[in-house]
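*Asks:* Just so you know, the protein sequences line up as chains A and B, in that order.
Using the working numbering, read the first sequence as starting at 1 and increasing by one per residue.
Using the working numbering, read the second sequence as starting at 1001 and increasing by one per residue.
Hints should not be assumed to be uniformly reliable.
Stated by the list, open to error - Across the chosen pairs, the derived CB separations fall in these ranges:
1) B:1136 - A:217: 43 to 49 Å
2) A:127 - B:1090: 27 to 33 Å
3) A:117 - B:1243: 35 to 41 Å
The hints are simulated quantities; they were obtained by calculation from the structure and are not laboratory data.
Predicted, not measured: the structure shown is a model, and the values here were computed from it.
Quick reminder that beta carbons are idealized off the backbone N, C-alpha and C, glycines included.
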Amino acid sequence: MSVKFDLSGFFYKWGTILTVIFLIAFFGIVAPNFLTYYNMVNILRSISIVTVVAIGVSMSLSVGGFDLSVGSVASLANAVIVSCLIWYNLPTFPSILIALTVCLFVGLFNAFLIIIMKIPDMLATLASMFIIQGVAMTYTKGGSITQNMMMANGSTAPGSLTPVFNAIGQVPTIIIIMLCIVVIVQIYLSFTKYGRFMYMVGGNAEAARLSGIPCKKYKLLAYLISSFFAAVGGIMLASRIGSSQVNSGSAYLMDAVAAAYIGYSLAGNGKPNAVGTFIGAVLIGILQNGLVMISVPYYSMDIVKGLVLALALAITYLRKEK
Amino acid sequence: MSEQLEMRNISISFPGVKALDNVSFSASAGEVHALAGANGAGKSTLMKILSGAYAHYTGEILINGQPVHIRSPRDARQHGIEIVFQEVDVALIPYLSVAENIMIDELANAKKRSPFVDWHKIRSTARQVLARLGENIDCNQIASSLTIAQKQLVLIARALVHSAKFLVLDEPTAPLSQSETDALFKVIQDLVEQGMGIIYISHRMPEIFRVCSRITILRDGKTVDARPLKELNYQSIVEKMLGRKLGESFPVRTPKIGDELFSVSGLSDGARLRNARISVRRGEIVGLTGLVGAGKTEFCKAIFGATRSACASTFWKGGSRLPSDPHYSVQMGMALIPEERRKEGLFLGQSVADNITIASLDQFSSRAGFVRRQKEFSTSKDVVAKMGIKCSDVHQMVANLSGGNQQKVVVGKWLCADAELYIFDEPTKGIDVGAKKDLYGLIGALADSGKAVIYASCEFEEILGLCDRIFVLYAGETVAELKNSEANEEKLLYYSTGGK
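Using the sequences and the hints given, assemble the complete structure.
*Replies:* Here you go:
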């Protein structure tokens, strides 16, 4: 047996991590403040929302679907929870519960479009992306919700953001929430039969069906989980910005999709997974942070971001050609 | 002097395997040359090299004694070599017309200045070529609406447009009915008379003897023999392919038949099936036969609850209900080994172990749903050993196994699930003689252990060799029920073709 070092295989497996290490080294050398504890925490904080939303996307990818509505769902969660607290003066936990429940209905709606109406996943969630974006905007009457805002009847909004709610978006809570979700989802996907079934449905839906796996059930579950995490991301976002802003969640869609796809290849997995998605988000976060540190003007940042993304994806996909 | 094609000392390796080792092969125009070998012998790899699919091989290819450079499909085409793969669909663009599919290279690579498509030329050339094949396909038909036999002809027509001198046909008759096969053979004969060289890959010995004049036999990536076909007989070819003597293929059993496990009658699905009927007892192998298109696959799927159907009466262990979804049929103890194993039976990107345990994952999981990896692996190893699946270990990806071993993995999945009724739908399609024999033995052992088996196949030889009782399907209807002792090939053919 020849023990030949498989270079392309090595890059396929560890390319994402190598890119992350390279970026850390690069920014560490050129920007002295980059490698400080404060900045590392800062990066983790900045990626926590993207990571949580991206894990939702990974769940939909795991059953061979694709959830484009996560950004809109995050916006909706943002609007619902802030309105519960400020407009209706509800306590924190009921508000969170309401926001999550509302968003789970979006997941249900997505599953309805995909499973019952048989619309291809990406198109179905594209439609619901618009619908939910519109619902969120209509609900807030096209405006933002802030503390002490003027209500329609001329009075001041009765409620305020509670300290518990504010803590969600602060360090360390926000990072802890993210890490917990990453760990739980990774365990779910790789160690439970439910995760296995999801991968099988994503790998070959017809074979899964003929093996007795209730495919529709797992697709529904995947879209519910996807919306759930998008909602969690929206709540984290609401707490961070302390208000509800129009379409605030939509900015997270593309970063989340990128992170989920970069995560595919981690450790030669070749399928969507939580830890990989986290690493993907870290890559994007480091890039964003480092580029600011070395004073790349904000209007040029997307160029570098896109190029590094293309590089990271090239390393992982080049091998698939074989 | 006719064109000579020669491949000399061809070797190629893939990560972990040496697929071809110093293989030499030669064929000449104006004859049909058979390329035979068991699954995994390297037939397809060799022909892929010839058609330019791989660039990293060593050795040389010569045409009329002149070395030629073939490292890409384009090179191969320039030297007049064309291949029609087994999966005809991958080479066709489903929503384009027949004419466009035939003239695809004209459309894609035409070196002319006009940006407009010359529709008249495209259609008329396509029509001429089809006429040369003696085929009556409407050029404006959309490719996706063709039958598999027609799709093959479209690809052969495409090869003619490129004025191919050598045409490789990879298992062309596997999906064809008898009459379609006959039609194809006529086309092959015509092409040979027109001076084309045909390289014919097949597992089906009778067909090889029918159309081929020379044969090259490969085994484990090496050339074993190459000679005129008339110097060999069926037995000697199979022995060379396997490297050992072939004993009796079918297992010798004394069936111990128990009480009735399953029966259905008056089943119809509103499309192909009407009034289909079958019954099976424990310990019994029941054959379901009929011509291609008689509705065997549909019937198997309907029994398994994979498609909607209505029936007059069913019986399952005393209960009486047809499962409405495979999820329930699996729970009831049914197992389906589907015809399209890659598309419907396997998770190609997953490991052998994952594939084997997927239908019975509950017994490998804790109550909280965590998979017990150790138990999963040890059981998978047992199944792999019991079934004789050749793989490096249970973590190997199923995509890297040969067809026969993949089929064993599908069967292994249901062994693991401990099903009571096994429905096999054309399980030996595209697998080699050795693997077939293993599979027959396995099915016999299943029945002997008290399982009920439904075996659907259009190969009468298999049905007669294996089954205790036989149901014949004609146009979606069960037209005959025969005991093995009263059946023979003539009778089966008689009922299959609509005799009453």
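*Asks:* Taking the hints in turn, state whether each one holds.
*Replies:* A quick look at each hint next to the structure:
Restraint check, residue 1136 of chain B to residue 217 of chain A: a C-beta distance of roughly 48 Å satisfies the suggested window 43 to 49 Å. Taken as a hint, the range 27 to 33 Å holds for the pair residue 127 of chain A and residue 1090 of chain B, whose Cβ atoms sit roughly 32 Å apart. Look at residue 117 of chain A against residue 1243 of chain B: about 56 Å separates their beta carbons, and that is not inside 35 to 41 Å.
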